[in-house]
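Use the sequences and the hints to build the structure in full.
One line per chain: the protein sequences are A and B, in this order. Mapping the first sequence onto my numbering, position 67 (from 1) lands on 67, and the numbers just tick up by one. Mapping the second sequence onto my numbering, position 34 (from 1) lands on 34, and the numbers just tick up by one.
Warning: the hint list may mix true and false statements.
As the list claims (entries may be wrong) - Taking beta-carbon pairs under 7 Å as the criterion, some of the chain B residues facing chain A (in silico):
hint, residue
1, N51
2, M84
3, F92
4, N93
5, K107
Keep in mind that the hints were calculated from the coordinates and are not lab data. Ideal Cβ placement from N, Cα and C applies to all residues, glycine included.
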Amino acid sequence: MSLDWMIQIIQSNWPMFLRGAGWTLVIALTGTIIGSLIGLLAGVVRTIPAPEKGIKKNLLKLINAILTIYIEFFRGTPMIVQAMVIFYGSALAFNFHMNPIIAGIVVVGINTGAYMAEIVRGGIISVDKGQYEAAQAIGMNHVQTMIHVVMPQVIRNILPATGNQFIINIKDTAVLSVISVTELFFQTKTVAGNNFRYFESFFVACIIYFIMTFAITLILRYFERKLEGPDNYTVIGNNLHVETAEDMKKKANKGM
Amino acid sequence: METIIEIQRLSKSFGSHEVLKDIHFSVEKGEVVTIIGSSGSGKSTLLRCVNLLEKPSGGQIIYNGENILDDRHDIHQYRRKLGMVFQQFNLFNNHDVLNNCMVGQIKVLKRSKEEAEQIARKYLRVVGMENYINAKPRHLSGGQKQRVAIARALSMEPDVMLFDEPTSALDPEMVGEVLKIMKELAGTGLTMLIVTHEMEFAREVSDRVVFMDKGVIAEEGPPEKIFNNPDQERTREFLKRTLKTV
Ligand SMILES: Nc1ncnc2c1ncn2[C@@H]1O[C@H](COP(=O)(O)OP(=O)(O)O)[C@@H](O)[C@H]1O
Ligand SMILES: [Mg+2]
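As structure tokens, then:
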């Protein structure tokens, strides 16, 4: 029976599944972090107001053009193909074999960066223009404005999309098996290749993937709620004390 | 008297739309100047040109004897000398009240945290918001937000304060609390340049009133003159219209 098989598969192969799941998490997480950093940087650069003239203007134009090519190229090609190109391309170009896990992280990072750049740009544009102007008006330059005023609000805006990207990456690292990254899908293939129980082995993998993505969904939801911050604040000093229901009850009790 | 800002032949166009034409005017140290005029006449654009939130299309802005529209002039250096209060408050949503008044001091003026906090608290006291230092902007009423915005600008200890219709986005019952603070500030010798629709207030605090119409300064003078006996027909028309609707 399938269920018995599954239990047996887990019992005899759990270290392989665990290691696979571990690498999946590590690659997805590192890739998401690298991708977010790329996305933040690209998003900031792409929203720098264009200088009027001079070398700076042309330099910015050039960088923007390169960023656009990068974003469109990586969004417009399958990650599985990118993985092959980067892994075998680096071997051809530099005559050395990248560690598949490093190659996997690079692929996921660059790929995520392309998506995050657009998400960040949207997040920056959605911050009220007045926030930017107020920062400029007190003398902040573009970088200071971004770091101290705009970006903290952008990060809050893009947190859900970033979490979503992380979850997508957990699932999409499966394609890295083509360059022999020993993530969960690759390990499952190995297990199934030994016992020929393909359905049962991959069903186990399925459940492990789901546990990972669902746990992350819950964790992210918790953080989002936390970031919203408290709904009230304390008024300091007693001359402006705001009466709460508690206070009024106390007073009423005293009066009795 | 010592001139702080002098504007010469200033013009501003958005595309082919000429919003400011050949503006000349100056602000003296300690002076309170109000700019009045109908909506769309270019008051906000003028104020925003003064602190370079809008780049003028032509002319000069002389600040302490230097033309700050010169390419080699550092506009960030210049802007920190001007405080700006916006119609929509524009408090930093990611900072609480105290930090709104500190972040510019620390990052732009490079003041120490302790000094910045001390100064921020001082000006929050001036605007009566010292009890709300932990509140985030979304917790505050419009009037409270605008008072914090004033404290934020004052904390930078600017040479000139610019106000762009600071009470226009407020519910009527909150207008008074903000105007009261501005009157107090005017009494301290602070240099102020104020765009406002509050005519009573303008008459009371101004050393000089500037009336703008269709992108030009139509008339300027002491408040008694502008409000009681203006030279220009269009000034009279505007005042008649405005005072009737109030
Ligand atoms: N960013 C902009 N782009 C195009 N037109 C603008 C912009 N800002 C202001 N204007 C135009 O300039 C004119 C003057 O606007 P403004 O200075 O806001 O007037 P006021 O503050 O006196 O009401 C208006 O016709 C307005 O539509
Ligand atoms: Mg205006």
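query = Looking back at the hints listed earlier, which ones does the structure fail to meet?
reply = none
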